[in-house]
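Residue numbers (numbering that gives the first Met the number 0), protein chains in the order written: chain A, 0 to 180; chain B, 0 to 41; chain C, 0 to 503.
Be aware that a few hints might be false.
No farther apart than 25 Å at their CA atoms in a straight line, the calculated lysine-lysine pairs in the PhoX-like style are these [stated by the list, open to error]:
| hint | chain 1 | residue 1 | chain 2 | residue 2 |
| --- | --- | --- | --- | --- |
| 1 | A | Lys-67 | A | Lys-180 |
| 2 | A | Lys-15 | C | Lys-254 |
| 3 | A | Lys-72 | A | Lys-180 |
| 4 | C | Lys-165 | C | Lys-14 |
| 5 | C | Lys-336 | C | Lys-254 |
| 6 | C | Lys-335 | C | Lys-323 |
| 7 | B | Lys-32 | A | Lys-112 |
| 8 | C | Lys-324 | C | Lys-254 |
| 9 | A | Lys-112 | A | Lys-180 |
| 10 | A | Lys-114 | A | Lys-67 |
| 11 | C | Lys-324 | A | Lys-15 |
| 12 | A | Lys-18 | C | Lys-259 |
| 13 | C | Lys-254 | C | Lys-14 |
| 14 | C | Lys-100 | C | Lys-165 |
| 15 | A | Lys-15 | C | Lys-323 |
| 16 | C | Lys-259 | A | Lys-15 |
| 17 | A | Lys-112 | A | Lys-43 |
| 18 | C | Lys-501 | C | Lys-419 |
| 19 | A | Lys-43 | B | Lys-32 |
| 20 | C | Lys-100 | C | Lys-168 |
| 21 | A | Lys-18 | C | Lys-254 |
| 22 | C | Lys-136 | C | Lys-14 |
| 23 | C | Lys-100 | C | Lys-24 |
| 24 | C | Lys-324 | C | Lys-419 |
| 25 | C | Lys-165 | C | Lys-24 |
| 26 | C | Lys-335 | C | Lys-254 |
| 27 | C | Lys-419 | C | Lys-336 |
| 28 | C | Lys-335 | C | Lys-324 |
| 29 | B | Lys-32 | A | Lys-72 |
| 30 | C | Lys-323 | A | Lys-18 |
It should be emphasised that the hints constitute simulated quantities derived from the structure, not laboratory data.
Owing to the predicted nature of the structure, the values given are computational and were not obtained by experimental measurement.
Now for the letters of each chain:
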Amino acid sequence: MSISVPDKVWWKPIDKEEKIWLFLAIIWMAISFLWMPIYHFIGKQNPSNESYRVTREQWDTLTDDFIKKYQVKDASGNLVTMNDIPVVHPPAGSDVYLEGRAWKWWPVLELEKGKTYRVHLSAVDFQHGLSIYPLNINYMALPGYDYIITMTPTTSGEFPILCNEFCGIGHHTMVGKLIVK
Amino acid sequence: MSDNNERFGAPGTFVLAIIFIVTFIALYFLNYKYLASIWELR
Amino acid sequence: MAGQDFRTCPTTGLKVHLPAENLIKANAVAAVLLLLIGGIAAAGVALTRWPAIHLLPADWFYRILTLHGLAMLIAWIIFFEIAALYMGASVLLNSRLAAPKVGWLAFLLMVVGVLLIAVMVLWGQADVMFTSYPPLKANPLYYLGVILFAVGALIGCLLFFATLYKARKEGTYPHGSFPLVTFGLACAAMIAISTLIHGAAIYIPAFLWSLGFMGMDPAAYRLVWWALGHSSQQINVAAMISVWYLMGTLTVGMKPINQKLCRTAFVLYVLFINVASEHHLLVDPAISNAHKIWNTGYVMHLAVLASMIHALAVPAGIEVALRKKGYTSGLFEWLKKAPWSNPGFSATALSIFIFGFMGGITGVTFGSEQVNITAHNTWRITGHFHSTVVGGTTLAFMGATYYILPLIFRREVLGMGWAKLQPWFYGIGMILMAGGMMLAGAYGIPRRHWDIVNFGGSPFAFTWDPTVYMWLSVFGIGALLAVVGGAIYILVTVGTVFFGRKLE
Ligand code: HEM
Ligand SMILES: [Cu+2]
Ligand SMILES: [Cu+2]
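With the rest of the complex left out, here is chain A (with noise of 0.2 Å):
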């Protein structure tokens, strides 16, 4: 009974069938887990090892400079905006950035498909989450945080981003765009 104390020897050899399923687990769990390396060295989808610790300072900085060199002009040379944020288009295979914050996701962007391109992640007030539609892509915006997520686009279309980490009363309508072309 398991509700009772078991005979004096317990330890007893185990039953064949027990030690199928043992080898078939522990062979399981090695190969589930040495895939996760492997799939660093085959795959084309890994996360990122890249991240710094950066001050609000520096970020501002480097997001505004950002912005005023690649923001998009439209033929009378207008700055473009969408819904009052900047569209911007850096050139192919350069570093952008993307910040969060209460409650928009900070520039739209427009990438090239095919490029590849070093997004600089962060937020600056609470906590957010991007999460790119339709292709459920997600990564977290910490503050202080400068994460670098190296980023191919294959498909192209607009995509909406959308926040998954609760980041106050407005956290739902937290919704931006990034465009590939």
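Since the structure of chain A is provided, determine the placement of chains B and C with the ligands on it from the hints.
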């Protein structure tokens, strides 16, 4: 062969356990297949 | 030994220490009350997230969601576990509880802690979710409430070990090893002590931070908070599996097939499971990939191995016991003829199924380093843990209640007809609800989100793949069934405690 070994005696459970591990392996790799369809990320 | 403080249980022949029995009752009653509160919150939250209804306004949704997480995951589960610990140490070993007064102190601290938490949350002073990630800040009294509750729980665990020591020293049970259930609970309590130490390591600084005495780094907070948050789930796993063994014995007279294997598996939990906490941080900055792999891979998979061992051992023990009763034809006669109309049995069987097939598989998969990119903070995660801690642990505890009522409260279960249906409502409801959540989450439906239809009027609002709405309906219907199941459970237990026929 030694008879201090009591029979395991649960063939039904063994079959269920095999079904379980097969489902497990299938779902694990199915998720990686789905993952492989998104953008390249490092 | 059996002084006037003891009675002998007519069913099991165990000697029950009356002060221990009172403490078990108090903790169990508190657990059920908090399940009621958490369940009302669950109904509010679920009916808001189901777009067909969208019940609560935004501020109350987030507030009630915070309450739901705390009342369920912290209060209901831990009160019940403390009751189980006292039962495993005192009742199963015929022993007196080492120090009942200390047990009441622990109970008092936990009650005061919970009250403080609940008042702060409902008063709108802690709209921070149960994870309270900084820089979101709650009223200092909120953190204090959590600390008081945790100290109470810690005292309860220490009392458990003191009682084991006393029982062994006084020889209150036949000489030998502890019963398997007690052994499993001891492993749960060891994990609990390590968990609660991590709890102190994060809630005391958070309390001081909320008072303005120190700063708080968001990434460091997440790391230490999840050392608490993750390992507390392993208390639940170890306690749940102990309850599976207990229920196997109480419902069909099962014997563990191989004590060596079962006990080794429990030890694996203690050694490895509380280190796997970084699977909550796989898409966080500040931690290296190598560390993430080591922590979640090497160590977590050894703990999963332990679950795989129990996954065979518990049903196998049940099968052997049922075959002894003569259900031997074919592979599955035992399964067909099992006592499905005994709610203790059906709850246990459903718990094993939901925990293993739904919770276990998705836990390892979503917690693997790369797949997590497509799962983190989506509803896939919420679906996963409603399969483990609700379909698994909570349902197992509900099944155990149908035995605790006659054995400890000494009342005949009132409304047995309803009780027989209860695990099915709750279990099938949870299968649909958690399944719907995970499938909707696979499209990116986020967790903790008030408005996935209009996004509170955001100009960037967009529409989902229409399939999502089907999964949301599956979720909603499942949630309703589960709420009905939860309500039956509460009506039956409360009815029995007050009006059930007295036994003996
Ligand atoms: C009838 C039973 C239940 C229903 C209908 C239910 C429903 C829900 C729903 C709809 C959510 C919110 C999802 C979101 O917005 O992201 C949720 C969250 C949650 N539930 Fe439940 N639940 C039930 C029982 C339980 C139980 C018994 C537990 C714990 C033992 C539990 C623990 C949690 C936790 C920890 C969260 C996460 C809160 C957060 O994200 O901050 N639930 N539940
Ligand atoms: Cu946000
Ligand atoms: Cu948010």
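Exercise. Looking back at the hints listed earlier, which ones does the structure fail to meet?
Worked result: 22, 29
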